[in-house]
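Build the full structure now, drawing on both the sequences and the hints.
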Amino acid sequence: SQQGEEDPQALSIQEGENATMNCSYKTSINNLQWYRQNSGRGLVHLILIRSNEREKHSGRLRVTLDTSKKSSSLLITASRAADTASYFCATDPNDYKLSFGAGTTVTVRA
Amino acid sequence: DSGVTQTPKHLITATGQRVTLRCSPRSGDLSVYWYQQSLDQGLQFLIQYYNGEERAKGNILERFSAQQFPDLHSELNLSSLELGDSALYFCASSVVERGGRNEQFFGPGTRLTVL
Numbered sequence: 001s002q003q004g005e006e007d008p009q010a011l012s013i014q015e016g017e018n019a020t021m022n023c024s025y026k027t028s029i030n031n032l033q034w035y036r037q038n039s040g041r042g043l044v045h046l047i048l049i050r051s052n053e054r055e056k057h058s059g060r061l062r063v064t065l066d067t068s069k070k071s072s073s074l075l076i077t078a079s080r081a082a083d084t085a086s087y088f089c090a091t092d093p094n095d096y097k098l099s100f101g102a103g104t105t106v107t108v109r110a
Numbered sequence: 001d002s003g004v005t006q007t008p009k010h011l012i013t014a015t016g017q018r019v020t021l022r023c024s025p026r027s028g029d030l031s032v033y034w035y036q037q038s039l040d041q042g043l044q045f046l047i048q049y050y051n052g053e054e055r056a057k058g059n060i061l062e063r064f065s066a067q068q069f070p071d072l073h074s075e076l077n078l079s080s081l082e083l084g085d086s087a088l089y090f091c092a093s094s095v096v097e098r099g100g101r102n103e104q105f106f107g108p109g110t111r112l113t114v115l
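The listed protein sequences derive, respectively, from chains F and P.
All letters in the first sequence, in the order written, are residues 1 to 110 by the working numbering.
All letters in the second sequence, in the order written, are residues 1 to 115 by the working numbering.
Note that these hints are calculated values from the structure, not bench results.
The beta-carbon is built from N, C-alpha and C at its ideal position, and this holds for glycine as well.
You may find that some hints are simply not true.
Said to hold, decoys possible - For lysine to any residue, the following SDA-like pairs were computed, each having C-alpha atoms within a straight-line distance of at most 20 Å:
#1 56/F - 44/F
#2 9/P - 10/F
#3 9/P - 38/F
#4 26/F - 59/P
#5 70/F - 101/P
Claimed, not checked - Computed far set for chain P versus chain F, every beta-carbon distance over 10 Å:
#6 16
#7 70
#8 75
Printed below as a string of structure tokens:
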């Protein structure tokens with residue numbers, strides 16, 4: 001079963017625009033992570049935000065976490081063609097394993 | 001390059017057969033995780049080993065088994081294969097024992113096709 005649910009399922013934007021995707025989860029967590037997957041390849045870790053943090057930045061990525069609403073958002077600013085990928089949120093419902101959502105597919109048009 | 005290697009990259013086999021997927025974690029990582037990714041089920045956690053011992057189990061079928069060897073490489077054995085087992089199988093590794101505590105580094109995956 002999947003703990004996290006991403007929204008939207010798919011997103012198409014123009015190069016240079018911002019992309020925002022959301023993740024909702026069901027149980028309490030220690031942290032929430034975001035991963036990127038280029039078509040058919042392995043996942044790449046983007047950012048980890050701990051349950052006591054509200055916002056985190058890494059380059060063009062900004063992640064927010066609202067534990068009261070059990071939700072997180074990932075913002076990619078000034079998108080590039082290379083950002084075309086699927087993005088997954090992952091939570092640790094029992095600390096020993098990660099539970100991944102279904103992902104948001106982002107297409108950046110040149 | 002994550003430092004995690006998986007072999008083979010592609011595997012095509014028939015129903016009823018048995019296959020073994022191999023994973024070598026990043027140097028220094030003691031935890032190995034196995035995931036299955038399919039179109040209908042998404043990315044599912046199968047099993048985790050830490051320093052040779054099983055630590056966590058997910059939605060792993062009884063027909064599947066895994067082990068981690070003293071050199072820390074891991075193998076996932078899939079037997080009595082069915083069409084529905086066709087999927088991408090990923091291995092990931094991390095330093096920590098508790099899989100949720102830190103980032104995991106994913107290998108490139110093995111694409112299994114069962115005909």
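Against the structure, the hints:
1. For the hint pairing residue 56/F with residue 44/F, the CA-to-CA distance comes to about 17 Å; that is within 20 Å, so the pair holds.
2. At most 20 Å may separate the alpha-carbon atoms for a hinted pair to count; residue 9/P and residue 10/F exceed this at roughly 28 Å.
3. Our distance criterion of 20 Å between C-alpha atoms is met by residue 9/P and residue 38/F, whose separation comes to about 16 Å.
4. Using a Cα cut-off of 20 Å, the hinted pair residue 26/F and residue 59/P holds, with the two alpha carbons roughly 18 Å apart.
5. Proposed proximity of residue 70/F and residue 101/P is supported: the alpha carbons are some 18 Å apart, at most 20 Å.
6. Every beta carbon of chain F lies more than 10 Å from that of residue 16/P, the smallest distance being close to 26 Å; the non-interface claim holds.
7. Against the 10 Å criterion, residue 70/P stays outside the reach of chain F, whose nearest CB is about 22 Å from its own CB.
8. With a cut of 10 Å on Cβ distances, residue 75/P stays outside the contact zone with chain F, its closest approach being about 18 Å.
Violated hints amount to a single one, hint 2; each of the other numbered hints is respected by the structure.
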